[in-house]
Structure formats: C-alpha cells, structure tokens
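So you can see what is in the structure, the chains are spelled out below.
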Amino acid sequence: MTARMFASAIVLSISCAATAALAQAPIKVGAFLSITGPAAFLGDPEQKTLEMYVERINASGGVAGRKLELVVYDDAGDAEKARTFARRLLEQDKVDVLVGGSTTGTTMAAVPLAEQAQTPFISLAGAVGIVEPVKKWVFKTPHTDRMACEKVFADMRARKLVKVAIISGTGGFDKSMRGECLKVAGNFGVEVVADESYGAADTDMSAQLTKIRGNAAVQAVLNAGFGQGPAIVTRNYRQLGLAMPLYQSHGVASAEYVKLAGSAAEGVRLPAAALLVADILPDTDKQKPVVVAYKHDYEARYKSEVSAFGGHAYDGLMLAVDAMKRAGGADKAKVRDALEATRGYVGTGGVVNMTATDHMGLDETAFRMLEVKNGAWVLVR
Amino acid sequence: MDSSVHVPATASSARPALARRAARHRLLVALAVVAGALPPLVGNGYFYDVAILVAFNAVVCVGLNLLIGYAGQVSLGHAGFYGLGGYGTALLASKYAWPSLLALGAAAAAVALIAFVVARPILKLRGHYLAMATLGLGIIVSIVLATEDRITGGPDGMQVPPLAVAGVAVSGELAWYAIAVGTLLAAVWIASNLVASPAGRALRALHTSEVAAQVAGIDVARYKLLAFVLSAALAALAGGLAAFHAGFVTPATASFLRSIEFVTMVVFGGMASTAGAIVGAAVLTLLPQVLTALRDYETIVFGAILVATMIFLPRGIVPALARLARGTRWMR
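Residue numbers (the numbering used here), protein chains in the order written: chain A, 1 to 381; chain B, 382 to 713.
There may be inaccurate statements among the hints.
Straight line, CA to CA, 27 Å or less: simulated DSSO-like cross-link-like pairs of lysine-lysine [stated by the list, open to error]:
1. A:K28 to A:K67
2. A:K160 to A:K373
3. B:K476 to A:K135
4. B:K476 to A:K136
5. A:K163 to A:K373
6. B:K476 to A:K183
7. A:K94 to A:K135
Computed footprint of chain A on chain B, listed as stretches where at least three residues anywhere in the stretch have a Cβ under 8 Å from a Cβ of chain A [unchecked claim]:
8. 430 to 438
9. 530 to 537
Hints in this document: simulated from the structure, not taken from any laboratory.
Since this is a predicted model, take the numbers as computed values, not measurements.
Virtual Cβ for every residue (Gly too), placed ideally from N, Cα, C.
Turn these sequences into a full structure, and let the hints steer you where they fit.
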C-alpha cells in the first residue's frame, strides 16, 4: 500500500514537473541571416539587434510568461544555404516563428518552406515581390524601393520638376530602385528623359553627368545609388556645374554621405527612414521615442552607427512579440492571425497597419524628405 | 608526389581484369549501400536536405576531380558552370516553359558547348595562367548573372518552377534524395569507367608530365578538353538539379567563393580519387552545419580544420586513409 502510494506520488510529481517545464519552455525565434559574405552589412546589425533585444525581453519577464530563445544561423547570403538553414530551423529546432532572410534571394528560397510548415515568417528583405502576391504566412518589415521612388517623385511634382534623369549604379540596391522608379514615374506625371549607369567601383561619373548636362530637357536628377558612388556623383555634379536639383536615394541617408560629398551635398534631397534622423525629428513625431531609444541602445552597446537594417530586425522581432502577446502564446496559426491584424504598431520603419492584402503595412509616411543645409540633414516640410 | 600517382596505376594493371573491374565498381557499390542505408537513419526533412546538398556538391566534385586530380588542370571557375546550369535550366523551364528534364539536359549540353568553345584557348595556358583564365571565366559569369537583370532577375535571383517528370511534379524529400543519389551514382560510374580506360591513363600521364605524355603519343589537348567539358557538364547538371530543388537561384551560386569551395572539397578529400571527391564534398558540406554550435567561432574553427588537414594530410583524407589501410593490409 505504502509502496503503491509512494509510486503514485512519484508519478504525480513527475507529471507536475513535466507540465511546469512545458509552461516554462521558451518560445523559439529562428533567424537565418547573411552575417558573413557580401551581404554582411545587412546581417551583422540584424544579428546584433536580435541578440540585444531577446536578452532585454527575457530580462523583463519574456512574452506571455515564457522566455524567448533565439536560434541564429549564418547563410552567408547564399540562397541554397538559407534554404537548408530555414529547413533546420523549422524541422530540427522547431521554432515558433521565423525572422530573417537578409536578402530577397535568401528570403524567397525559404518562403515555400515556411508556407509548407505553416509557420509565421517575417522577412527583413526589401523586394516588393516577397509580399506581392500575398502569401499566407509571410510578412516583411522593410519599406520598399518603390515607396522611396514615390516619395521622391511626389516631392518633384510639388516642385514642378517633371522631366527627370536617373543615374544609378550596377549593384543590387541600385538596380532594384532604378527599376521601381521607372515603373512608378508615370503615376506622378514624371517623365524619365535620361537613364545613365555607372559601375560599382567607378571613381568618376563625369562622363555620364556630362551627357545629362547636354540634355536640355532635364529638370532634376535622381541618383538611385548605394555605397560610395552617390558621394562621387554629388561631387562631380557640382564640379560640372549642374544647377538642377539633385535627389539621392534612402540608401545613403547617413552622416557618412555628407562627410564624403562635402560642400557639394548642399541642397541635395533624399527620402529617409525616421531611424536615420532620430535626433532631429520633432517631438510630436509618433516614431521619435521608438527610434531614439533603439538608436541609443544600439550605439551604446555596439559602439557603431545604427543602420536601417538593424532597425528592420528590431521591427521583425517586436512585431512577432506584439503578435504573440495578443495571441496569448506562440500558437502558430493564432500568431499569424495576430500579425495580420497588427494595427498602429510604431516601429523604426514606420507605423505598421497590416491587412489581409498588405503583409508589410507601411505607407509613404514611413519616409521623411530631407535636405542638406549647412552640412547637416534637415527635414523638408 | 609524382610517384604516388603511379603506384595505384601499376598495382591495378598487374591484377587480373576481373579483379580490376570489381575494384573499379567497389566504390559504386559502397556508395549505393551507404546511400540506401541512410533513409531509415535520417530523422526529418532537414537531414534529407543536407544529404541532397552533399550529393549535388559531390557530383560537381567528381567531375572537377577528373580535371584537377587526373588531368592536373586547376579550375577556379567551376561555380560559373554550376551557376550557368542552374540559370539555364531555370530560364528554359520558366520563361520558355520547356519540360523539366529537357530544360535540364539542354542547359547541361549548352554549358558543355560553352566549355568546349572556351577550353581551346584556355587550356593552352598552364599553371597559374590557366587558373587565372578559369577564375576570370567564373567571375564573368557571375557578373553577367548579376547585371543582366531583365533575363536573370539580377542580384535578387529568380524563381524556378518545380521539377516535373512526365507531367508529375517531384515532391517529397525521399524522391529528391533518390534523384540526387541516382545522379551521383551515375557520375561516379562515368568517372570510374573513364579513369580505368585508356583515356584515364592518358590523363594521368599528362598530369605527371605533359611533355612525356606528348612524346608517348598522347593527344594532350584532346584529353584535357575531354576532362574540362565533362567536368563542366556535370557541374551544370548538378546546378540545374539544385535549382529545381531549391526552387530559386541567385548569382551567389556562381560566385568566386563557390568555385573555391568546390576546389577545396576536391583537394580536401584527396585529388585523383573519386571517393576522395565525395568525402571532401560531404565533409565540407556537413562541417558548417555541425559547427553552427560554435556561433561566432565557426569561421575560425572551420579554417583551422582545413589548415590542419592540409598540413598533416597534404594528399587529402581518402588517399591518406587508403595508405594507412594498405600499410596494415586491411583492405586486401
């Protein structure tokens, strides 16, 4: 009798412990990022951001009573590796939500797997094609190049500049933005009358700009560029004495660009995410508290300048956490529904309002139009 | 170095023909047994995925080994052929809606033709110059894939429709595993037959000394060309299958780093050994998966393992093990 009672007591205590352990089991967040390789400038700040905020969330009690566990793999920007790691996260690590895909290629390789495994997947890559057409389980945080083009063209239209020259590099960012700009220019009554390109490693763009100067119709120039190219374009632009307004892309919205281009950057306009101008946003701006906090947290911990890419990862993680809180746990279908029902989430990329037909949820207010004045960025109203 | 290449050749030619044929297919049988025994052991789709990746890489390495290990010609541009195979297959199957297998075959044939055309001038070069030329070829391919965005989708890559055989889409990991292993077995069969044929002996001879081979009446240019075209076609075939399997191709598949990876696999496993090429592909594909546990130190440990292997086993894993086995007379 006593033996039997003892045995049942053990069974009872084991099952209790098991239930307790189940309640305590962490929510797994799986990330595959391009931490090394040519896209490391994306994956590195993304990884740092995810690690920092998972720690913080756990320190403040986790999500829905459970801690978060972050599993990160480095796909080195290779779509095949990304696919394998996504599969590993889904089937081996059994993650509750996927965050990642630093590039469009790595994201697209993982999309079929996430759909098949019916796991919410928040991509950190730019292309419109990720969420258009809408895929049930796939969401994304970054604004698209198309939105940057729209912001620029809207500003041009307001200034009555309707004949535009585009000059762009041959890198992925440049090509993607140029393509989107060519597509949407017509919607704003803007006509692209010249389309020049330069190599990623070129150190002089005078030839292309001279050609643009020779085109009397051009009223404004848009440089769809990333990296050091735009700074060189800006310098050459002033050296050649081009007088029409110059627009740059959101890819160079940094203090670095102004430093490289020097006084030539005066009067240059570009669309930028709020994160990059955190400190000069007016206090009434909804995004100000979020972007200032993220910028200062990141820069204090990693001693390097914050980038929009880390911000995408911040938004990806926080959107997932927000959805899990509303779903009351990590149930995949409920989290997906909660993600789709996200309204008024304020992140580094903008104010997110997801719908069944919009799995990005950003509009053109995500971008601010900036102008260089006296060697610093100021907001254009 | 040179003598070691001769030892197995003379040893095998001394044996009777039947034993030689058995020895030739020993690897094939061993491979089939291992591949057949694997499915019950692997737990989930992820393991299948890795096994499939190993098989595709091994197909490339078996081909590349013919060129590097037997013909003695270094290629630093084979990812270019792999990428061309992938993109060619993807384009034919999506934009032109060709049947999958036809697209795959046509892409591999087209790549073989490209290899044939460029091989003539390239294979006239030797040593570093040959390596430079193949390096340039590979880089040109990756630049074209990244910049011709109207055709290839640019740096973002392009989608590939699913592989369909006779109108039925291949789905499920077991089916893909069978395809990958089947392709590898076919590649090994071709390679081991070639190596054991007069062509194989000619290749080994020209590896040892081109001048001596020429004096002995071997058409050096022809055999080099054969190895180059065959290895390019196998790389393209693997690239095409990998594109179907992943459902997506990006220019990263044709990158210079990929080419280096392939060469490293061949050298790591052991040159002039088909088994070595497979082992090299397997180890270097699995290692990054295993080393993820080390987080930030992954790259350092990966590099250290490569360096240590090359210092202590300069001939590669399989030849070193085979030598050990011969020493203890375990294999005979």
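So, going through the hints one by one against the coordinates:
1. A:K28 to A:K67: holds, 9 Å
2. A:K160 to A:K373: Roughly 21 Å separates the two Cα atoms, so the pair holds.
3. B:K476 to A:K135: holds, 22 Å
4. B:K476 to A:K136: It holds: about 26 Å lies between the C-alpha atoms, which stays within 27 Å.
5. A:K163 to A:K373: Holds, at about 25 Å.
6. B:K476 to A:K183: holds, 21 Å
7. A:K94 to A:K135: holds, 21 Å
8. 430 to 438: Answer holds; 3 residues pass the 8 Å Cβ test.
9. 530 to 537: holds (count 4)
Figure legend: structure checked against the earlier numbered hints; every hint is met.
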